[in-house]
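Chemist: Sequence:
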Amino acid sequence: GPPGCGKTYIARALAGEVGAAFMNVRISDVLGHYIGDSENNLHDVFETARACAPVVLFLDEIDAVGMRRSPSSASYMRPVTNQLLMELDGIGADNEGVFILAATNTPWDVDPALRRPGRFDRCVAVLPPDGPARQAVLYHHLKSRPVEGIDMGYLVQHTDGFTGADLAHLVDSAVEYAMMDSVRTGNVRMVTMQDFLRAQPLSLRNCSNLSTQTRIVTNRHDYNTSRYTCNSRRTPRAEHISVNPCKSFS
Numbered sequence: 596g597p598p599g600c601g602k603t604y605i606a607r608a609l610a611g612e613v614g615a616a617f618m619n620v621r622i623s624d625v626l627g628h629y630i631g632d633s634e635n636n637l638h639d640v641f642e643t644a645r646a647c648a649p650v651v652l653f654l655d656e657i658d659a660v661g662m663r664r665s666p667s668s669a670s671y672m673r674p675v676t677n678q679l680l681m682e683l684d685g686i687g688a689d690n691e692g693v694f695i696l697a698a699t700n701t702p703w704d705v706d707p708a709l710r711r712p713g714r715f716d717r718c719v720a721v722l723p724p725d726g727p728a729r730q731a732v733l734y735h736h737l738k739s740r741p742v743e744g745i746d747m748g749y750l751v752q753h754t755d756g757f758t759g760a761d762l763a764h765l766v767d768s769a770v771e772y773a774m775m776d777s778v779r780t781g782n783v784r785m786v787t788m789q790d791f792l793r794a795q796p797l798s799l800r801n802c803s804n805l806s807t808q809t810r811i812v813t814n815r816h817d818y819n820t821s822r823y824t825c826n827s828r829r830t831p832r833a834e835h836i837s838v839n840p841c842k843s844f845s
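Here the sequence shown is numbered in the numbering used here, starting from 596 and rising by one per residue.
One or more hints might be untrue.
Claimed, not checked - Below, a list of computed lysine to aspartate or glutamate pairs in the EDC-like style, where the Cα atoms sit at most 16 Å apart:
1. 602 x 655
2. 602 x 656
3. 602 x 658
Claimed, not checked - Okay, the calculated beta carbon distance ranges per label pair:
4. 741 x 692: 44 to 54 Å
5. 717 x 649: 31 to 41 Å
6. 741 x 642: 45 to 55 Å
Because the hints were derived from the structure by calculation, they are not lab data.
All residues carry an ideal CB built from backbone N, CA and C; glycine is no exception.
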């Protein structure tokens, strides 16, 4: 699924549900500087997991470790993919008590051999949260903050397409605006809805999973060109227009 949707959190929660230990394997834990180091590091990771069974072994960014093998792909990564296949179900690979999960933002870059039955044959799409889930995420981030007069319904309605990370960034930005205003005026105040309205355009620019109802039109020439484009019948209605002046065009 897209970044920021909570794939790692789901893997951690699964480990807690089954009462197993949790091992989070990152790219830096596997890739080495010299030829053969990456394969040895991957083997050591699986050996550690087998010694700690029962354990949930979570391979983050599996597309980097199990890259699709093709003539155009990097040749030095092919042995790493081969080693991962051997560790999963090769001869002598005893993974009893090792539950293996993996996450990726680009499943089409994962080698097809990893997705055959018996390996990573079950794929779950972790998408941006729906309305009730967005409300729960916002409540989680707001419950320990000094807020007042927050229209939760408005925030839920206008954050369609936001991931959990986007919602956290929205709350942090609103709190930052309130803190800067308190420092500027010398009067400490609560975080209000006005701070969220100021922070929302910033979060929209950083959000990569916007729905079709939320549009941002960015034009480098002038506001009139943007207004003309947005009023065209062939384009959807724009809710935010951002004009970025620049000195030259390439």
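Chemist: Next step is simple, just say for each hint if it's right about the structure.
Modeler: Structure-based check of all given hints:
The straight-line distance between the Cα atoms of residue 602 and residue 655 is roughly 9 Å, inside the 16 Å bound, and the hint therefore holds. Between residue 602 and residue 656 the CA atoms are separated by roughly 11 Å; this keeps the pair inside 16 Å, and the hint holds. For the suggested pair residue 602 and residue 658, the alpha carbons sit about 15 Å apart, so the restraint of at most 16 Å is met. At about 46 Å, the CB distance of residue 741 to residue 692 agrees with the hint of 44 to 54 Å.
For residue 717 paired with residue 649, a C-beta distance near 19 Å fails the hint of 31 to 41 Å. One distance hint, 45 to 55 Å for the beta-carbon pair residue 741 and residue 642, holds here, with the actual separation near 49 Å.
In terms of the numbered hints stated before, the structure departs from hint 5 and from no other.
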